[in-house]
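For reference, the chains in residue letters:
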Amino acid sequence: NAGVTQTPKFQVLKTGQSMTLQCAQDMNHEYMSWYRQDPGMGLRLIHYSVGAGITDQGEVPNGYNVSRSTTEDFPLRLLSAAPSQTSVYFCASSPRGGASPLVAKNIQYFGAGTRLSVL
Amino acid sequence: AQKITQTQPGMFVQEKEAVTLDCTYDTSDQSYGLFWYKQPSSGEMIFLIYQGSYDEQNATEGRYSLNFQKARKSANLVISASQLGDSAMYFCAMRGGGGKLIFGQGTELSVKP
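Sequences listed follow chains A and B, in order. Going letter by letter, the first sequence gives residues 5 to 123 in our numbering. Going letter by letter, the second sequence gives residues 77 to 189 in our numbering.
Any given hint could turn out to be false.
Per the computed footprint, the stretches of chain A lying under chain B, defined by three or more beta-carbons under 8 Å from a beta-carbon of chain B, are [what the hints assert, rightly or not]:
{"hint": "1", "region": "39-52"}
{"hint": "2", "region": "110-118"}
No more than 20 Å apart at the CA atoms, straight line, and that leaves these computed lysine to aspartate or glutamate pairs for EDC-like [as the list claims (entries may be wrong)]:
{"hint": "3", "chain 1": "B", "residue 1": "K79", "chain 2": "A", "residue 2": "D42"}
{"hint": "4", "chain 1": "A", "residue 1": "K13", "chain 2": "B", "residue 2": "E91"}
{"hint": "5", "chain 1": "B", "residue 1": "K79", "chain 2": "A", "residue 2": "E76"}
Going by beta-carbon spacing under 7 Å, a handful of chain B positions derived as facing chain A [stated by the list, open to error]:
{"hint": "6", "residue": "Y140"}
{"hint": "7", "residue": "F167"}
{"hint": "8", "residue": "G180"}
Hints listed in this document are in silico derivations from the structure and should not be mistaken for laboratory results. Where a beta carbon is used, it is the ideal one built from N, C-alpha and C, also for glycine.
Please work from the sequences and hints to get the whole structure.
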């Protein structure tokens, strides 16, 4: 069971370039989220999705786009990279909730992260 | 708006001793969930423990326990018998709508041999 898979693990971009961070989960989770982590700060929510075809903005959405065409995949697109987007990016997924104790907790499972540098 | 506050940027503890990491939260919701995650130097986010707002007992998971004081809006993590491998960043988080999490700024724990 792979869980949440993020690719790539490392990426260096030049200012103005675009790229897509990939995220896939194999747990059939309804909820998926993208966070960024900057030094000295906790994780901040960029975008999230409650199901295929449904996305919404988080705390820091500017400069990022998302889409969710399938339950499994939730890619994050950087439209025109800026040095301020240098960060570590985490994708996470969780079940919507339900009767079983583990599912009811909506525990978020995280990918290993993508370390992005924008020069 | 929901908010998580962790006031201890760094903590030291002697190996085999217990340590408490503080977390206070703010929410107007009646039903909510609180989480603690561990982030070792390798960078991954590891789920440790969960407390639901309606849970009558404090959560425990092995050496981790959560001291949940609802009236004070605090959810402190207690690690008993600290080990060198416990050295890491620890994040307190609250569940928001749509499964998203609101994180505190984290506490860096260093375990001394």
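Honestly, which of those hints from before does the structure not fit?
Failing hints, ascending: 4, 5 and 6.
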